[in-house]
Every structure is written in C-alpha cells, then in structure tokens.
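Peer 1: If you want the building blocks of each chain, they are given just below.
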Amino acid sequence: MSKTTETVRKTLARRYRAEKRFRAYGIASVSIGLLAVVLLFSDIISKGTSGFFETYVQLEVTYDSELLGINDPTDQEQLMFADFSAVIKQSLRQRFPDVEGRTEKRALYSLISNGASYSLRDHIKDNPHLIGTTATMWLLADDDVDVYSKANIATRSETARLSESQQAWISSLEQSGDIDRRFNASLFTHGDSREPELAGLWGAAVGSFFTMLVTVALAFPIGVAAAVYLEEFAPKNKITDFIEVNINNLAAVPSIIFGLLGLAVFIGFFGMPRSVPLVGGIVLTLMTLPTIIISARASIKSVPPSIREAALGLGASKMQVVLHHVLPLALPGMLTGAILGMAQALGETAPLLMIGMVAFIVDVPGGPVSPATVLPVQIYLWADSPETSFVALTSAAIMVLLGFLITMNTFAVILRKRLERRW
Amino acid sequence: METASSINDTSEAPSQKKTASDNTNSTVKVNATGSVPMNETNIEYPDKTVGFPLVDDPKMSMRDVNVFYGDKQAIFDVNLDVGKNEVIALIGPSGCGKSTFLRSLNRMNDTIDTCRVNGEFHLEGDNIYDPRLDVVELRARVGMVFQKPNPFPKSIYDNVAYGPRLHGLANKRYELDQIVESSLRKAGLWDEVKDRLHQPGTGLSGGQQQRLCIARTIAVSPEVVLMDEPCSALDPIATAKIEQLIDELSSQYTIAIVTHSMQQAARVSHRTAYFHLGRLIEVNDTRKVFTAPDHRLTEAYITGRFG
Chain A
1 MSKTTETVRK TLARRYRAEK RFRAYGIASV SIGLLAVVLL FSDIISKGTS
51 GFFETYVQLE VTYDSELLGI NDPTDQEQLM FADFSAVIKQ SLRQRFPDVE
101 GRTEKRALYS LISNGASYSL RDHIKDNPHL IGTTATMWLL ADDDVDVYSK
151 ANIATRSETA RLSESQQAWI SSLEQSGDID RRFNASLFTH GDSREPELAG
201 LWGAAVGSFF TMLVTVALAF PIGVAAAVYL EEFAPKNKIT DFIEVNINNL
251 AAVPSIIFGL LGLAVFIGFF GMPRSVPLVG GIVLTLMTLP TIIISARASI
301 KSVPPSIREA ALGLGASKMQ VVLHHVLPLA LPGMLTGAIL GMAQALGETA
351 PLLMIGMVAF IVDVPGGPVS PATVLPVQIY LWADSPETSF VALTSAAIMV
401 LLGFLITMNT FAVILRKRLE RRW
Chain B
1 METASSINDT SEAPSQKKTA SDNTNSTVKV NATGSVPMNE TNIEYPDKTV
51 GFPLVDDPKM SMRDVNVFYG DKQAIFDVNL DVGKNEVIAL IGPSGCGKST
101 FLRSLNRMND TIDTCRVNGE FHLEGDNIYD PRLDVVELRA RVGMVFQKPN
151 PFPKSIYDNV AYGPRLHGLA NKRYELDQIV ESSLRKAGLW DEVKDRLHQP
201 GTGLSGGQQQ RLCIARTIAV SPEVVLMDEP CSALDPIATA KIEQLIDELS
251 SQYTIAIVTH SMQQAARVSH RTAYFHLGRL IEVNDTRKVF TAPDHRLTEA
301 YITGRFG
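Residue numbers (this note's numbering), protein chains in the order written: chain A, 1 to 423; chain B, 1 to 307.
No wet-lab data here; the hints were simulated from the structure.
Incorrect hints may appear among the rest.
[As the list claims (entries may be wrong)] Under 7 Å between C-beta atoms, here's a sample of chain B residues computed to sit facing chain A:
{"no.": "1", "residue": "V50"}
{"no.": "2", "residue": "N150"}
{"no.": "3", "residue": "K154"}
[Said to hold, decoys possible] Restricting the straight-line Cα-Cα distance to at most 25 Å, the calculated cross-link-like pairs of lysine-lysine (BS3-like) are:
{"no.": "4", "chain 1": "B", "residue 1": "K84", "chain 2": "A", "residue 2": "K417"}
{"no.": "5", "chain 1": "A", "residue 1": "K20", "chain 2": "A", "residue 2": "K10"}
{"no.": "6", "chain 1": "B", "residue 1": "K288", "chain 2": "A", "residue 2": "K318"}
Everything numeric in this text was worked out from a predicted model, so none of it was measured.
All C-beta atoms in this analysis are idealised placements derived from N, C-alpha and C, irrespective of residue type, glycine included.
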C-alpha cells in the first residue's frame, strides 16, 4: 500500500462524516420548512372548514298578509316594505309558546339572523301565491347560534355567548331535528356584512378581479415593452445602466410606499376616486412592474444570440427578429414571471390600505371605478372583527385566497412546461 | 453562448493540432532546419498584400477596409476582390480578423455597438455601406451560414420558408413549396427530410441542421453566401457532405468561407486569402498557397508553426 493511499484512507472517514452532516443540515432545513407549511395549513383548515357551513333553523312560517302588511303580493313596493321579521317572530313564538316577557322574547327573536327576513321576502317574490299559507322553512340562524351549535357539545356552554334559556331553546330545536348545517353559499354570493352569517367574499373577489384586470392590462404590456426595449434596442450607456439599477431598486421598495405614492399622485394630484380597483390596479402595476421587467429581461436574455443572428442574416429587420423569434421564445418565461407577479399582487394588502380599499363595502362592485375591497384586505378586515364567527370566516377566506394563489402558480408551472422549448 | 463557444474551441483544438503535425511531417522538415522560429517580434508585415488580391470583373470588391472594436483595430487596410462564382477561403490564426472581415461583408457587424467599419465595399457596383442601401436588401443578396448550426425552433419547412416569406418571394402556397423543395434539394437534404418537413428543425443531427441552415440561406436566392466556419461543430462525415455541397453550390453562388481547417480550404476553395493579426498577408490560387506560398508568414501558418 503506497503512502498516498494510506494518507487518503485516513482522511476518508472524516470526509464521509462531513458529507453526512452536510446532508443532515439540508434535510433538517427542508423539514423545518415543511413543518411550517403543515402547521400553517392544518391550523387554517381546522379553523376555516366550519366557515364554509352555516347553521339553519327549521320553523313553521305562516305568511299572514295582515302581519306582513301586504294586500297585493305582486306589488314590488309593498314587498320591499313588508315586515317579514314579524312573521319570523310569530313563528318563533308559536314554536316556543311559553316564553314570556320582553327580554326573554327579544332573546328568542335573536336566535334567527336578520338576514332570514330577506330570504323570506325573496321566496315570496318568486312565489306570490304562498301569501296566507303556512310552510316549513329553513331559516338562517344568528352567528352566536352558529358558533354554539358548531362547538363541542361537552364544553360549549362555558364559552357560549348565549343565555341559559337560549341554550335550552337550541337544545330543544336540536332534539327535534330542527337545526341543520348547510353549505355557506352566502360566502360566495354576498358582499361584506357586519353580521358574520351574512358576510361573504364575493364583493372582495370581484374587487380583486377588477384590480387584477387593471394590473394585468397595464403591467404586462408595459413590462414586456420595457424589457424588450432595454434588452434589444437600448444602447448600452450610462443612462440605461442607471435605468437598470433603478428598476432593481424599485423591486426592493416596500409595498406600502407604492400605496403612499398612489395616494399622493393618483388620488391627491389626479383626483381619482378613492377605494376603487382602478387606482388599486395602477398601484399594484407599479409594484409588480420591476418583477415583470426583470423576469422578462431574463427570458429575453436566455434566447440564444445565434437565433437572432440567423434571422438578421436572412434579412429580417430588428423588429422582425424580436417579433418572430425573440418574443415567441421568451414568452413562456415572461408569462411565468407575469403570473408570479400577479400572484404577488393578488396577495398584497399594504398599498391598498393607503388608497382606501380598506373601507367597509357591502355592495359587490360593478366595475373598476366602483368602490371595492380585495381578498387580502377582506381577510384583514375580518380578522379585526370582534364576532367569534369571523374567526372561522377569516380562515375560510384565507383558504379561498390560497386556492387562487396555488391555482395561479400551478398554471404558471404548467404553462412553462407546455411552452418550454429546447435547442 | 459563452460556454457553447468555449466547448467548440476545445473540441476543435485536437483536430487542429493534428493538422499541424501532419503538415510538419510532410513538408516542413526541410524548411524547419535552420529557420528562425516565428514569434510576434520578428514578423515582417508586407506593405502590400502579396499575390493577387484583385480580380477582373469582381462580384464583391473591398478597398482600404479598416475595422475597429472600440479603440482596438481589428482589420488593417485590407483590399480584396471576390470573383464571380468563385469560392474564396479566408484562413488565418485565431483572432486574425477573418470572421470580422466576413461579417462586415453583409453588415452583420452593425449589430455590435462598438464595432466601426471604414472602407469601400461594393457588391456589383453597389456600395454596401451606402446609407441609402437597405441592409435588409443587402442581406437578401448576401446570405450567411454560421459556425454553429442555428435552425429556428420551428419546423423544417418553416425554417426554409422563413426568408422567402420575409421578403415576399412567394405569393402562393405552391410557389413556397417549390422554393422549399428546391432549396432542400440543393442543400442535399431533401431525401432525408421530405417525409418530415413539419417536424422541428432542431430535431435533426448537427450536420443535417447545418445543411438546413444552408438551405435556409439559399432559399432567398442570394448572390453571395458567406460561411463562417460552417463545419467546425460537425463530425468528419457531416463535414465531407458540407464540403461537397459547397463545391456544388459554387456553380450558382459566390461563396466566401472562413475556415480553421487548412485541408478544408484546400479542398473547397479556388482562391485562398491568408489573414494575420488583422492584415491580409497573401491572396493566391489555393493550389499555390498550399504548395508554394509567396510569403513566409503564410508558409509558417500552413506548415503549422502557429495557429
């Protein structure tokens, strides 16, 4: 055995140990990351799942035209002002006939959500012939009832925000099978509300949609045009170097600064309306532009120069080279960058707070210039609300937002895989 | 790209060394004895290119060509004519400016910001660097084949049809089909690809790709074809095919080819121009350059004493 072999053998064990340690560090880091993701998701899902369901109470409802104050059920105006809550109160009194006293009665009435009377009204609007008849209806329960009925039966009376008699009524309803849990459709059809059982994400989702629409429409063309110009046409001199450095700097600016800029320039100087997706979209455009420009430039750079030379050598003009060869080849990379930028913009909250998209807006926005809020801001608003029910709703909203983000990122990955070309 | 070119360089190196040693064995032994080894200090540049750089009735004529990259001068006072339907080989050691010179013939150097070209360039009497002459038109007349096969990531058909489409050479589908077929036939590729015209050109082998690039270049019916080391990335069999092709094409086109392989220059070209450090040292008939060069720098190069 030579001397070299001997020396090598001595160090071998140490080398292998070092390598094993190195691998262990890697596995540990990955595990910590995975653990964090698992914790986050299990927490959100465990809290949020119940937010997708709502509690309903079954009652015998008599559509008494006198109580409602309706003599012509086809008259829309009469319907608008009809007192459906009186009908519900009557049904509750019939269900629990031995409730006496104003306080007790008020406690009884509060079992059913304020929103229930609206659903009754809509029901009558569609079926005017029901006036004067009695029907069994499932009515939306109040959020406190919802929380109570979803909670663990053994411990729920300790944490409940309900009086003892209310708890007794609910138990009685539960025993007779008159309490049921159904899919929370209002979460996906309603705008925001102070009442958790009526609050929905739809307004925020539509607001997010319009905001993203403005952002995509502005950021992608501007970003790609800027990237193409800087990569393919701009002379390499101090001015373009300066621009490049500043684009990179822009990417590092905290997003709330863009919100302040939007507030000062678009709302303050140009007098654009507050709380609208148009301004939100412009602000998010400014925020995502650097991301899109940088990724677009990287993908333009990755187009082999030999392709450009080949086209130039055949007599293509600079613009034809860009349009026929560079852009099609760089497009997958550009789209991936744009989608990731959009995902980032979709989850952005801070700049939108600055331009007033944090307002409490009940109406579903009708366009990019009607007041709106967006999903992440909605989450922020709900997380801030005192009602216990909003805890589940917040987590449910987070799940919806995460769903959107994961869909977008998956789409980006699929797009890249699909359009990717090799040479 | 950086890595690609460096890979090419390394893969080229062994073949070149082989070239050098072959030559040394055959011809140089007599010369080598007693002669002073060449180095940068004792090189004498001729005042004027030796041999016959000019021809009667040239296809292209270049006078007093100087090319600069920034402050660095790459080409010094080159005068050269390229005759009609001739194959001229530009040879010389790495960095001698032969590629730069070739690229200035169809203004490909315009794409390099720092590059500055001075001198008179004429293509059949038209001034190539005339601001009024459209570079698009020039490149349609002077096509180029590059060192690395660079087909577009499109189908074989679209690769060949790109130039004719660009310049509107074919109005009807069948005209375009004809151009594609005849170009592929001329490039000797038709029989190999006629059944898969709509498959990607990047799926072909290296040699086929390079012939596809030649087909693409001749599809616009240029008058001159410039080839910048077209075989340096290819194996000997593919190289032989391309060389045969160049020979066939020379009946219709004027060809200027830059090559590192002296055998290739000897095999395919009619005239050979030897460049050294930006100067055109010697231009002569290929046979003469490789058997009895007029200048000792040329002799030193072809016998493999530098390269």
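Peer 1: Take the hints in turn and mark each one as holding or not.
Peer 2: Verification of the hints:
no.	hint	verdict
1	V50	violated, 32 Å
2	N150	holds, 4 Å
3	K154	violated, 9 Å
4	B:K84 / A:K417	violated, 50 Å
5	A:K20 / A:K10	holds, 17 Å
6	B:K288 / A:K318	violated, 42 Å
Hint compliance for this structure: hints 1, 3, 4 and 6 are not met, and every other hint is.
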